[in-house]
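Q: Sequence:
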Amino acid sequence: MRLTAAVLAAGLLLLGQPALAGDQQADDLCGRTCGSDETTVTAGGTDFDVHQQRHPSDPVPGRGDIKDDYRDGKTTWTHVEEYVTPMCSMNGLHGADAMCMAAATYCQDGRVGFWIWHQVTTYTRDTDGTVTTDVGPWKQEYGAFCLGADDPGVPTIGKVVSWVQDNLSNVGIVPATVIAAPAPRTLVNLETRLSAGSADVVDIPASTPWAQVVIHAKPLHWRWTYGDGTRSPLLSTPDTTHVYREARLHKGVMVEVEWGGTFSVAGDPTPYPIVGTAVVPSAPIMLDVREARAQLVSH
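Residue numbers (this note's numbering): 19 to 317.
The hints are all genuine.
Label pairs and their in silico Cβ distance ranges:
#1 Pro227 with Pro291: 20 to 30 Å
#2 Arg263 with Pro193: 21 to 31 Å
#3 Gly161 with Pro291: 15 to 25 Å
#4 Ala310 with Thr123: 53 to 63 Å
#5 Pro193 with Pro227: 23 to 33 Å
#6 Asp221 with Arg263: 40 to 50 Å
#7 Gly110 with Pro289: 23 to 33 Å
Read the hints as simulated data drawn from the structure, not as lab findings.
Positions of the beta carbon are idealized from the N, C-alpha and C atoms, including for glycine.
Let the hints inform the model, and build the full structure from the sequences given.
A: Pasting the structure below:
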């Protein structure tokens, strides 16, 4: 089942689609691009290939196409209306605004793919002050456009998808709890078992400014810091072992977990992919590593 405008309105109490109003001037748009700020988030000091980039929206032809402005006393001016909808087969000009996998994955960077139509209206003021109007046909701009949540023409569902892509690190993923055995004391030159829980998917409800979503977060990789100056490679399971070579109190034994996953919007079971990952560190623990001493036992 795909998310339709009716489901959004009735099931999610979403805000109305921010399509351009008829009396909104085309120069109120954000020009040729929107959301040009780019932010890269990396996991410092690790080998995780983690990044979340906020890409600018694609340039959209026809935006801001005002040849003259009536406010400057011109006799001819134009006004541009815009209609934006996700690039899904069930959508069309002034039709449904359903989201689908094709639109959610088209850009492969967290933005959503949209189709865009423009209609140009030309106004002419005669010498006697009479204004005549020539309304042109709606014309679809060629191809699909990758737009971000801050683009003014994006419908609500597009904003929801982009918000989730940008906020995986902020949805409340619970840090792993480190469990060691034996603990809190272990022995030098013997294996100490370390665990960071399970690799199960965790469902996390989250609130976007427009709708409730559920993040289906999945741990992907684990990297351990053992507290003795060594670290593990990236591991595909939450469990590992380590041999301590020095008898002392080892502080800062912890693990970083890389999370990815999918998400769904309330009323729509479709699992949309999340582009990018988030790294969540655990709280550190201490291990008291001691020497194993031989002791004579008389019989």
